[in-house]
Amino acid sequence: MNGKLVAQYDPSSTDGWLKQLYKGFQLNYPKFYKMDPLAQAGYLSSELIKANHPDRLLNYKDDAIALVLANRHASVVSDLAFKNSYEIQNAPSPSLFVYTLPNIVLGEVAIANKWYGENMFAVLPKFAPEFYEQYADILLNSGSEAVLAGWLDITDSEIEVFMFLLEKSFSEIKFNTVNLLKLAENRVV
Amino acid sequence: MSVRITGIGLVSAIGLNCQANLLSLRTGKAGIAPLRNLSDREGLLVGEVKLRNEELVSRLNVTDHISRTSLLGLMAAREAWNDMPHHSSLKAGIISSTSVGGMDRSEIFYRDYLNQGNPDYGLLLTHDSGNTTERIAAALGITGYINTLSTACSSGVNAMMLGARLLQQGKLDRVLVGGVDALTRFTINGFRSLMIYDEAWCRPFDETRTGLNLGEGAGFLLLENEKSIAISGNKTLCYVNGYANAADAYHQTASSPDGKGATLAIEQAISRSGLGKDQISYINAHGTGTKNNDLSESVALKNIFGDNVPKFSSTKPFTGHTLAAAGAIEAVFSVLSIQHNLIYPNLNFQTPIEETGLIPVTE
Numbered sequence: 005m006n007g008k009l010v011a012q013y014d015p016s017s018t019d020g021w022l023k024q025l026y027k028g029f030q031l032n033y034p035k036f037y038k039m040d041p042l043a044q045a046g047y048l049s050s051e052l053i054k055a056n057h058p059d060r061l062l063n064y065k066d067d068a069i070a071l072v073l074a075n076r077h078a079s080v081v082s083d084l085a086f087k088n089s090y091e092i093q094n095a096p097s098p099s100l101f102v103y104t105l106p107n108i109v110l111g112e113v114a115i116a117n118k119w120y121g122e123n124m125f126a127v128l129p130k131f132a133p134e135f136y137e138q139y140a141d142i143l144l145n146s147g148s149e150a151v152l153a154g155w156l157d158i159t160d161s162e163i164e165v166f167m168f169l170l171e172k173s174f175s176e177i178k179f180n181t182v183n184l185l186k187l188a189e190n191r192v193v
Numbered sequence: 051m052s053v054r055i056t057g058i059g060l061v062s063a064i065g066l067n068c069q070a071n072l073l074s075l076r077t078g079k080a081g082i083a084p085l086r087n088l089s090d091r092e093g094l095l096v097g098e099v100k101l102r103n104e105e106l107v108s109r110l111n112v113t114d115h116i117s118r119t120s121l122l123g124l125m126a127a128r129e130a131w132n133d134m135p136h137h138s139s140l141k142a143g144i145i146s147s148t149s150v151g152g153m154d155r156s157e158i159f160y161r162d163y164l165n166q167g168n169p170d171y172g173l174l175l176t177h178d179s180g181n182t183t184e185r186i187a188a189a190l191g192i193t194g195y196i197n198t199l200s201t202a203c204s205s206g207v208n209a210m211m212l213g214a215r216l217l218q219q220g221k222l223d224r225v226l227v228g229g230v231d232a233l234t235r236f237t238i239n240g241f242r243s244l245m246i247y248d249e250a251w252c253r254p255f256d257e258t259r260t261g262l263n264l265g266e267g268a269g270f271l272l273l274e275n276e277k278s279i280a281i282s283g284n285k286t287l288c289y290v291n292g293y294a295n296a297a298d299a300y301h302q303t304a305s306s307p308d309g310k311g312a313t314l315a316i317e318q319a320i321s322r323s324g325l326g327k328d329q330i331s332y333i334n335a336h337g338t339g340t341k342n343n344d345l346s347e348s349v350a351l352k353n354i355f356g357d358n359v360p361k362f363s364s365t366k367p368f369t370g371h372t373l374a375a376a377g378a379i380e381a382v383f384s385v386l387s388i389q390h391n392l393i394y395p396n397l398n399f400q401t402p403i404e405e406t407g408l409i410p411v412t413e
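Residue numbers (this note's numbering), protein chains in the order written: chain A, 5 to 193; chain B, 51 to 413.
Worth flagging that the hints you see were computed from the coordinates, not collected in a lab. For clarity, every value in this text was computed on a predicted model and none was experimentally measured. Think of the CB as a built atom: it goes at the ideal place given N, C-alpha and C, for glycine as much as any other residue. Watch out, some of these pointers could steer you wrong.
[Stated by the list, open to error] Which bits of chain B does chain A cover? Going by a derived footprint, with three or more residues having C-beta under 8 Å, they are:
#	segment
1	264-278
2	301-314
[Unchecked claim] With a Cα cut of at most 30 Å, we get these calculated DSBU-like pairs of lysine-lysine:
#	chain 1	residue 1	chain 2	residue 2
3	A	Lys118	B	Lys221
4	A	Lys38	A	Lys54
5	B	Lys341	A	Lys118
6	A	Lys118	B	Lys327
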């Protein structure tokens, strides 16, 4: 978090990495357990950013915080789980089906925070800083005060999460594609 | 700035063009009937377009693999476009929306794939939602701006909203906007698994309602600016004066009991239009017939209008819930409502919802 190590994977735990984080951060949102890994990752990373900027994020109006997320593999983990539920178990599960769209993570973050602002999920071939720059530029010039943005790519073998907060009237690092790429490459999350 | 609506087109369970739909609405002739076109679900109550694919193909004079979704969309889009010639100085576009895309063809592919191992892979080319729009665009010769939205049941009106904004921003001079969905096993089984498919005829806004009947069809509207009508000579049927969308931030698939999202959207749309609430004379409601939607929508209407809720009704008992097409079909119904000074009856209503007590127009 902002260059600091805030959690470390414990290979001896029976919990997966995302559940370890949830417990480690002492969060209390039971709905977390119903979410698919993509939504869990979005929820956890947004909570982490909130915890780091408690005063400012809470002061925005509920429709002034926009969400802009993207990834490469869409909702593939849930897609495969749902396919398994009807092909192998012969019982299609509505609770899995709900997560067979990647933009559901936007809904989960919005629901957890009661945020009514703009939101966008894009499926891109790879991390594209210019996508965030252009999209955030439009949002911050059309009513949004802050943009919670990120790259959330989850497959069965890998969890790649990079979340960042852009604010109209507050800046620690200048927002441009060069800086964004540098942060992403250095995994300074 | 107002946006002109200069053309409309409809295909639904109650008619294959605007005139036929209007006649059914006027005479109270509903389109909900036992399913015929999907063999393994025969008998389920749906709002089916009363033409088989082969009949649609020959009427529309198309070739190759094409989804039922594209066929229905093309039929309504042609009516709205009305043979308008293209013009090199006008920027034209199409924004169509769908939730199932070419799923009807993919289901045939999948069946063949499992059964004989020799499926027609060409069918899969129609699967993508964007393909439905591209087929319609190609048939109408629209080559500039082609976009496809898929936002479930709000798709059709989101297409309208985006089209209006592109005109207002001067990005386009004329744009065909709308939505289309065909009945598929995918959606029928999906809604049944959510336990919100009524085996009986749906009863929007009624206390005893237990769910929706799915339908299929398409609605398209032609939006033009002044530069475009100067060349097309089209008459203005109606104006788009206000629009808004908003989120509920409540649940992935359910509306909030306090109607927050709908309240925000209605408030902002009216405010953008500059009209007073008391100037709204009719609300064509979404009214799907599910417990959740109708309650949430009723609460939103009360939030906005208090004790003075305007006349309102749902046309879902005529057409079924046509998903991505619903907003577009009902936008065309609303244009017809203004043109002909008509309010459509909310069929099957008997008892008001206990929590809100709202009574729709029934005749």
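Hint numbers the structure violates, sorted upward? 1 and 3
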